[in-house]
Structures are given as structure tokens and as C-alpha cells.
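With the hints as extra help, turn the sequences into a complete structure.
2 protein chains.
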Amino acid sequence: MFESANLGQTVAKEAYEREVPALRASLLDAQYDLFEAKRFPVLVIIAGVEAAGKAETVQRLNEWMDPRHIVNHGFLTPSSEEAERPPMFRFWRALPPKGRIGIFFGSWYTMPILDRAFRKTSVAEFERSIDEIRHLERMLANEGVLIVKFWFHLSKERERKRLKALERDPATRWKVPKRSWEFFRHYDRLMKVNERILRETSTAEAPWTVIDAWDEHYRELTVGRVLLDAMRARLAGQAAPTVTAPPINPRVENVKLVRSLDLSQRIDKAEYDRRLAKHQGRFAQLLRGKKFDGRSLILVFEGADAAGKGSAIRRVAGALDARYYRIVPIAAPTDEERAQPYLWRFWRHVPGHRGVVIFDRSWYGRVLVERVEGFCSESDWMRAYDEINGFETELARNGAILCKFWLQISKAEQLRRFRERERTRFKRFKITEEDWRNRKKWGAYEQAVADMVDRTSTDHAPWTLVEADDKRFARVKVLKTIVDRLEASL
Amino acid sequence: MFESANLGQTVAKEAYEREVPALRASLLDAQYDLFEAKRFPVLVIIAGVEAAGKAETVQRLNEWMDPRHIVNHGFLTPSSEEAERPPMFRFWRALPPKGRIGIFFGSWYTMPILDRAFRKTSVAEFERSIDEIRHLERMLANEGVLIVKFWFHLSKERERKRLKALERDPATRWKVPKRSWEFFRHYDRLMKVNERILRETSTAEAPWTVIDAWDEHYRELTVGRVLLDAMRARLAGQAAPTVTAPPINPRVENVKLVRSLDLSQRIDKAEYDRRLAKHQGRFAQLLRGKKFDGRSLILVFEGADAAGKGSAIRRVAGALDARYYRIVPIAAPTDEERAQPYLWRFWRHVPGHRGVVIFDRSWYGRVLVERVEGFCSESDWMRAYDEINGFETELARNGAILCKFWLQISKAEQLRRFRERERTRFKRFKITEEDWRNRKKWGAYEQAVADMVDRTSTDHAPWTLVEADDKRFARVKVLKTIVDRLEASL
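Chains as they are written, first to last, in numbering that gives the first Met the number 0: chain A, 0 to 489; chain B, 0 to 489.
The reader is advised that the hints may include incorrect statements.
[As the list claims (entries may be wrong)] Distance condition first, Cα-Cα at most 25 Å in a straight line; then the derived BS3-like pairs of lysine-lysine:
1) Lys160(A) <-> Lys177(A)
2) Lys191(B) <-> Lys155(B)
3) Lys119(B) <-> Lys191(B)
4) Lys174(B) <-> Lys289(A)
5) Lys174(A) <-> Lys289(B)
6) Lys410(A) <-> Lys440(A)
7) Lys277(A) <-> Lys174(B)
8) Lys160(A) <-> Lys174(A)
9) Lys470(B) <-> Lys277(B)
10) Lys470(B) <-> Lys255(B)
11) Lys470(A) <-> Lys268(A)
12) Lys155(B) <-> Lys12(A)
13) Lys290(A) <-> Lys174(B)
14) Lys277(B) <-> Lys289(B)
15) Lys177(B) <-> Lys119(B)
16) Lys290(B) <-> Lys177(A)
17) Lys289(B) <-> Lys479(B)
18) Lys470(A) <-> Lys255(A)
19) Lys289(A) <-> Lys177(B)
20) Lys119(A) <-> Lys155(A)
21) Lys174(A) <-> Lys277(B)
22) Lys160(B) <-> Lys174(B)
23) Lys290(A) <-> Lys163(B)
24) Lys289(B) <-> Lys268(B)
25) Lys177(A) <-> Lys289(B)
26) Lys479(B) <-> Lys268(B)
27) Lys410(A) <-> Lys439(A)
28) Lys255(A) <-> Lys439(A)
29) Lys174(A) <-> Lys290(B)
30) Lys163(B) <-> Lys12(B)
31) Lys255(A) <-> Lys12(A)
32) Lys163(B) <-> Lys177(B)
33) Lys12(B) <-> Lys268(A)
If you are wondering where the hints come from, they were derived from the structure by calculation, not from laboratory data.
This is the structure:
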């Protein structure tokens, strides 16, 4: 990967000064086009060896373009809010919105590289990190993010020279913290790790540009030109690299999953009161326990209209102290959410330690309503299964316990509830024209649900199909499922 | 304050059960009206003595209404992000948006009460906290927030009985942490502090309702009814209590402040290069120093169109490592911002320790463009001076160093720059129809600037008027001002 970056690329000062004005004007022009169109964001990742001029180059980009529309992120020590969440959380919250350029110094590459080079992780763990990064970058690219990655390289000899020179000058000595020499001592080992991760993450949708970082003029011009070309190409309408959705098994007759549910199951009032109280009590107790330290609980509720999501959520929340849970109703995205990749609006609600978040509808909207109504393209919802599995894996690996519920009712029961709601004054906002429209697509929803369950029910985030014609039965089943899962997980 | 709450108010079980269905239906109905209209948010503050049933009552409200549109907040230990910012930061970020009900358990009352009762603060500091709270609540009310505050009271004897009873039952023992008895031992002292703060913060715009918290039926019904009445009254169009803006000095001929600036001041190129480099170097050095620990820097740039804000900001940013500053350009608010009180969108950018935030336009929009263009009512911008001073005081008290710049150019120089910009390709987005319109209101802006400087230039957040007909002069003055201020403050 580093061969051409060891050639000693230079640009003479005069050539640099001749080139810069035009480059700068073009970059600024492209930046304003980007800002005006607000069609996509640009994410620039700057990584590489110590003292290679990364900070100086970022400085230059901010100088050449309008720094007011650039968001720079350093990623130093994580805050407590970040430390309690999956490692990718802090990067998600820092993503630039459409129309802006985000520059990440340090990124999702830093920790996997250092952890492997200093033997804090095994080869297998390192490989898993690489997979996660490829997965994330593919998703971002598919969501329209233009990803431009630069690796600043110095040969071992030049790295030594650079560090010595910086140390000699009192004005630049602060730029060489202890860490720099520590890294230098392990140059070869680091380089092996770097080589591997660069090779495996240099993909069509997010390629690396390795920069010979010795000569500042060469370094700056190259970064500027590569960034400009990438922005111009995308602005000119050149599509993001098409990424095929992960392969899909031939359709099996899986709609039975939904149709074969026994919706006649019922619980009488006395039994309901007894069992609900029991499960609620146990639920509250489990969440108060020591074993819940460092963990969190994420509940997802999906279901047909009028299937009783709201009332089930109420029974779940009813067991808990209101200070410790949060219900997130998912409706139309806000404009800040619309300017970001699809999963961004869910990442922002990921709970910290001992947190409980209840999603009333969720990221599954993409493979349910958006699929059925054609709000997104087929390739968008097809790739979503894999993206969602990745997201939930990150949550689970960070200690989250996930339960996902699909509440199913019969068509006849739905009609009965629609009619009843129309009669009841304080339920009036629950029944809309849209509900009647959705009802006509019953079969398409059944198929979408079956596919969703087939493809996203995993060990660490299983789906539970809830027979909900009888609300009491449904609520008890939901609570019992949560309690069982907590007992098994804590 | 507590007399009637010591009377022993009760409601019989039968009466309670008779009342609840109608109350619940009405609350739900009001909640949906609120949600549908999205005209204002409701903030419910629940405070009071230990073990008075606060959590249970919040639980009940969540049960009676639709919990998906209620946001409950507990305010336990602050996160590191919160701990680095002014105490009010965590409450601002938790404010409910228009259309929602936010329930604060614990609030801006908790710490001032405890700190005073346990003698961690002086009477003077306690009084200052009271002032801040009155100030904040008045602002929120003026911004349309419906504030409903409940204080749960128990007499000393009943508090003792309640704690004992909870402790006796193994199922409720966990509800009595050590803290509860510790507070009980200081019951009288706490009550004196409570009495004072309640009295002084029971204002027309945010009155307290003191609840006799012994009987759960009484407690719940009363809270429900008071909340319902408040919501109904506001929904029926009853205006928020009108609050007179703080008294204003009769207008003095202050426009001279702006008009008497000597815009002919110039610096030649050589002098500029020398001084700019000197100040930039010193600036970078000061921010790297140990003394900046626990501090932050907030820069505000305002100015006429084409006055050179952007290029001044660029010179300031140019001195710094891009990882450590953030430029926040203020344009039209997003819909999440529009659903919140005016200052919310600025609070979210308040920096943590060692942070630098540069605002390109700012909260002064309200007393500049919004005033001149009539985008807000006169009473809105009149009260803004006082609100802004309060905001900046909080920032400064938390260690922020503030510098505010108004860049002034002559009308002739503005015209010259407009024309130039129209000719230059990569500056094309900088000149709009609006700029030409604003230009016609030159005099009104001069008056607005003079009033702004008069009323918001304070010791801890002074305005600097910058003569900006010569860009070099302006940039050097800006940087020198920042450096001088940092040197004086660190």
C-alpha cells in the first residue's frame, strides 16, 4: 500500500504558489455548490502516522474553503455519555449533515489499529473491527455520504527525522508528545497493522488515498485535488458507487409465520390481573438489581394499526419508575434527521448504562411501511436487513438487551377496533385516513413482516410475534417475554 | 406556604374512583389537543419532601395520559458533558418541545435548596439562585412554555410515619435510601429554605401548587385537576400571563456610538503581517496553556452585511488547531429549534472545558434583524436584552471567556464590496437580494446596534466595536482584543 508514498514526492514552492489560487477557488466553488444543493454530505477522514502534518493539512483545508460550513472533529477522550454507548456512537453523532463537509481526525480506524498493534485485541477481534468498518462505510455510502479517506505516510527514517526536527525547535516541541516516540518504537508493528486495515477497507465506495506526507506542498495539493475531484464528480451527478445488496435467499413461503398465529388465545380478567402484577413486579425488581449495572434495555414495538402497541407499552412502562425509561415515538423525521443517514435518528436515542428505551415503531419502518408504500427503493430496503442486523449487533455487544415485538391482530378484530375508536371521544386521534389505506394492503404487510422476522430475528435481538386479538393475552406475553429475556441475560 | 397542606386533606376511595374516569378522559383529550396544535410545551415540575409520593404521582400521570407524548426526566448524576457546562445546561437540553409534556422530577430547585440547607452556600448565593430561577422561568413563560409546579408537602410527624412505614415493608424498603433519614434529621432547616424559595418563586407566570401529600387519592386528583385546568385555560387561548419587560431608560442619543467610529483607520501590509502573526501565535499559546483548564472561549461575531465577519473568523480560526474550535454559523432555525424557546439553539452549542466556539451571528439576531424587520414583537426584543445578559452571566460564571464583536463599515464601503462580490465567481453566494434590502434600513440597524451595545456590554461579556472599512485593521483589532482579554482572564 505504501510503495508510491515512499518515492519522495515533492512539489516546488513556485509550482505550489502557482497552483493554489485556482485550486482554492475551485474548492470554494464546489463547497458552495454542495451547500446550496444539500443533496449529500462529505466526510473526510484524515489518518496516518504521527507528525505527518495531518493537523496542518486540515488547517489548510479550513483556510482554503469556508470554515463556517466545515465541521472538524478531533475525537479525544470520550465523554461519559459516549463511554457508556457503543464505540460508533460518538462518530454517528458527529456526522456532517447534507450540504456540509465533516473532517474527522482520528476516526473509527484509530482504536482498532492501536488495540491490535499493542496486542490488546486478538487477530479475530481485529478482523471483526475491519468487518464492522466496511459495513458502516458501505451503509454510509449507500445513504449518499461521499467518503474521502486520506492516509498520511512517512517511511521509518523520515518519521524519525520529522520527530527529531520538531523536538529541536522550542516552538514546535509541544507537537511531539511522549506517545509519538512510543509509536515510533513500534513503527514496524504498527505498519503491518495499518497495511492490513488499509488494504481491506479500500473499497469502491470508500477508497483510501495514501499520501506521501514528507513534503508539505505535495501533501496539501494532493489532498486538495483529490477532495475537489471527488466533490466535483458527485456534484456532476455521478452516482455513488452502486453497491449490490447482500445476497438474498430465494423466497420461501414464509408468510405462514404470520398467518399461522393462533389469534384465538385469551386470558380472563382474574388470571390477567394476577399474571400482569407478577411479571411487572419481577420486571421492576430485575431492573433495580446490581446485575443491570453496565447494561441497558431496548424494546421495539411494531404492529398493525390498532394492534395495541400503545396499551402494551403502557403496561411495560407502568412497571417502571418514570425517571428511568424513555418512550420514543417514531413519526416523520425532523429536518435535522432528514439531513442524515437513515439510522442516525435511532442512534441518538441509544440508552446509556441502566437506561431503558422503548421504541414505539422503529428502524424497522424501512422494511415495513417504506417497503410496502414504496417510500424507498427496493435496493434501499433490501440492504436495510443487513444494516439493521449490524446496528443491533453493536448495541448487544455493548451490553444492551434487545426485545422486539410484532403485535398481530386479525383483519376482523382491526375493523372492530377502528369502529370503536371512531366512537370514543378521547381516542379520536388514533384513527386516520392512513389507517384505512394501510388496511387495504394487509397482504403486503404480512409478507413484509414475515421477511423482516426471517432476516432480522437473531440470538441477540430476537423477534417475538404476539397474538394480540385479546389485549390481555398480548400484554401478558410481552411482559413475560421481557422478564424471561432479562433473567436469561443478567 | 404550607399551612393548608398541613390540614390533612383526603379523598375517599369511592369518590376517587368516581372522579378518575372523567378526569382521565379530559386529560387525554387536552393532551391530544396540545399535541395537535403544537403551539406550546407544558413543563411540569414535581418537587417536595422525601417519600411524599412524587414518583407514584408521575407514574399516575403517565398512566392517565398517553405516555408516548410525555418526556420524564430524573436528573441524577450529571454526565461529564453536563458537568463541564453551566448548571442550567442539563435542564435546557431536557426541555419538552411544543406539543409535548415534560415532567421534571428534580429540577433547578434541587441543588440551590440542598446547598443552602446544608450550608454549602451563603445566603447571598442562595438569593442569587432564586433570582436566576425567577429569571429563567419568566423567560420560559414569555417564550410560551406553560409551567406547572407542584410541591409535595408532609408535616414532620407524617414524614416520620411515612418513612417508617416504607421501611417496615420489605417490598418498599428500597424506597428509603440513607439520604431520606439524613434529610429528615434536618427537616426544620430544610423547611425554612423551602419556604423561602417557594415564596419567592411563586410568580404569576409560574405559580407553585403546594400539595398535601399524605393521602394518595387527594394528591393524585389535585395534581391531575390543576394540570388539566392549566392546560385547558391555555388551550382555550388564554394568553400566558403578560410580563412587562424590565424598565428601560429613556432613549438617549446613543446612535453616536456607531456613527462616531473612525472608519478611516488603516494598517499597511507589512505591519499587518507582523502584527497578525504575533497575535495569532500568542493566541494559540494561551489556549494551549494549563491556565485554560476548566475554562472555555466563546466568540460572537455580528456586523453589517459584507463587513468581513467571515474573513475575520478565518484569521481567528487560522491560529488554532481545528480539533479544538467549532464555528457555528447561525442561519434559519431547524424545526427542532423552532419547537423550543429562543435561546435553546444557542445553549446546545455551549462548549465544554477547553472548548472554543465561534458564533457567526448569534443570539443577538433577536435585537438586530428580528427587531428591525419586525420578525418578533417589540416586547419580545425588549425583554431579550435582559435574557441575554442572564445567559451570558451563566456562561461567564461557569468559566467561559466571552468576546463579542460588532464589525462596522461605511455605507460607501459596503456598496463597493457588494459590487466586487457580484463580479467574483467564488464569492457569488455571499450577496443576495436580502443584502440589498437590509442596506435600505441602514439607520434602523445603527439604532439597533447602539441599543444592543448600551444594554448588553458587560464586564464579563463586553462588546468591541470594530472599524472594518480596512479589513486588515479589523482583523488585527479582533485578534488583539481576544488576546488581551485572554491574558486578563487567565
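*Of the hints stated earlier, which fail here?*
12, 23, 24 and 31
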